[in-house]
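Chains as they are written, first to last, in the working numbering: chain D, 196 to 439; chain V, 7 to 115.
No lab work stands behind these hints: they were computed from the structure. Any given hint could turn out to be false.
[Claimed, not checked] From the structure, some residues in chain D lie toward chain V, with a derived Cβ separation under 8 Å: (1) 203; (2) 205; (3) 206; (4) 212; (5) 213; (6) 214; (7) 215; (8) 218; (9) 219; (10) 221; (11) 224; (12) 225; (13) 239.
Glycine residues also receive a C-beta, built at the ideal position from the N, C-alpha and C atoms.
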Amino acid sequence: MTSMEWRLVEIAARLLERDEREVVLGDLVETGDSAGRGLVDVLDLVVRRQILLWKSWRPWLAAFGLALPGSLLLMGTSVCLSLTYQRLLGHRILDVIPLTQQDELLPWLSQLLLLIGCSWASGFAVGSVSQRTLWVSIVSSCLPCLFCLARFRVESLSKLCLLLFLAPAIWGVRQGVRVIRIKLGPAIILAVSVTVLMLPTWRSPRIYNLVLIWPAWYLVATARRSGRGRATLRSQMGEESTAR
Amino acid sequence: MLGEFEYLLITAAAGLGDKAYGAVIREEIEATTGRRCSIGALYTTIDRLETKNLLKTWMSDATPQRGGRAKRMVRVTPKGVQAAKDFYDAVTRVSRGASWVVNRPRSAS
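Isolated chain D (complex conformation):
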């Protein structure tokens, strides 16, 4: 096997988990298979692994129950937030803002916190529900973003205003991949805060609100109970990896 062909096989093998990658590449070296057969074998294993992953409900939930609708709705919230901010900024500083504008400041702040909370919770849920299909979740959240960016026609606002939710969402995804489950206390505080902040905007269609807050309550449902200890968590994570 030439170094170039071997390199191709190694690149394909990166799609496998670390231990499995080592084993498979070792097997190919030992049996002296051709580069072509090695590449086909590695890609075959990658495809089989992905198919097995998609037999579980987790990737479906992460990609199409969280990432796709979440990014769509959070973009809407980002635009609302930007428009309100623009209106407030028109009057510059707090002390010169007329009473009606001051009345808007508090709702704007609560909307900002709501956006951060919902984005972080959605990101965390996407990251923790299905880590190994994270790339599909990322693609399914990017598709509505690209669609909306292409069609965004509000002249007074930058297109980047659509993506205000991205920073807390990415932060949430990173945390979700690392931590898997947060503690019950912080999870409850987050879910209750998000729900309370959502109440003033609770209007039809209510599915909009529900889609935004349910990731926070999902974190409560799957949170680490301190009494259950690490062993339970480890066994649950083992089940998760078996399901994958």
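Following the hints, put chain V in place on chain D, whose structure we already have.
Just chain V now, with coordinates in the frame of chain D:
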């Protein structure tokens, strides 16, 4: 009840004993059946059998002949031995009277 490939894999691993790992099991299956055995089929089947507690696997130390990479060692569990025996018995029973069994030329002893 095991599948055909699962039976082949367990039987090959049992025959190899303590030396059973991915590459040699694959070679053994290819040599005895004359059919190609893909790495994908091998390792996904090993995972499935391990989930059913029919096999146990663990990572060995890295060896120079594999470019310093580890092996995935395989051992058949007592439950796996029983499952293979059940499969073999079922195949033997269902094959009684089959033309390819009745008319099989006897090997010279």
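Okay, the hints, checked on the actual structure:
The beta carbon of residue 203(D) comes no nearer than 16 Å to any beta carbon in chain V, farther than 8 Å, and the hint placing it at the interface is violated. Interface restraint check for residue 205(D): the shortest CB-CB distance to chain V comes to about 11 Å, outside 8 Å, so the restraint is violated. For residue 206(D), the suggested interface contact is broken, since its CB lies about 16 Å from the closest CB of chain V, more than 8 Å. Look at residue 212(D): its Cβ only gets to about 11 Å from chain V, farther than 8 Å, so that hint breaks.
Hint on residue 213(D) is violated. Least Cβ distance to chain V is approximately 11 Å, over the 8 Å limit. A cut of 8 Å between beta carbons decides the hint on residue 214(D): the least distance to chain V is about 6 Å, and the hint holds. The criterion of a C-beta within 8 Å of any C-beta in chain V is met by residue 215(D), whose closest approach is roughly 7 Å, and the hint holds. A cut of 8 Å between beta carbons decides the hint on residue 218(D): the least distance to chain V is about 5 Å, and the hint holds.
Of the supplied interface hints, the one on residue 219(D) holds, with its beta-carbon coming within about 6 Å of a beta-carbon of chain V, less than 8 Å. Using the Cβ-Cβ criterion of 8 Å, the hint placing residue 221(D) at the interface with chain V is satisfied: the shortest such distance is roughly 3 Å. At its closest, the beta carbon of residue 224(D) sits 4 Å from a beta carbon of chain V; the interface hint therefore holds under the 8 Å criterion. The criterion of a C-beta within 8 Å of any C-beta in chain V is met by residue 225(D), whose closest approach is roughly 5 Å, and the hint holds.
Annotation: residue 239(D) was flagged as interfacial toward chain V, and the flag holds, the nearest CB pair being 4 Å apart, inside 8 Å.
The structure fails hints 1, 2, 3, 4 and 5 (numbered hints given earlier, in ascending order).
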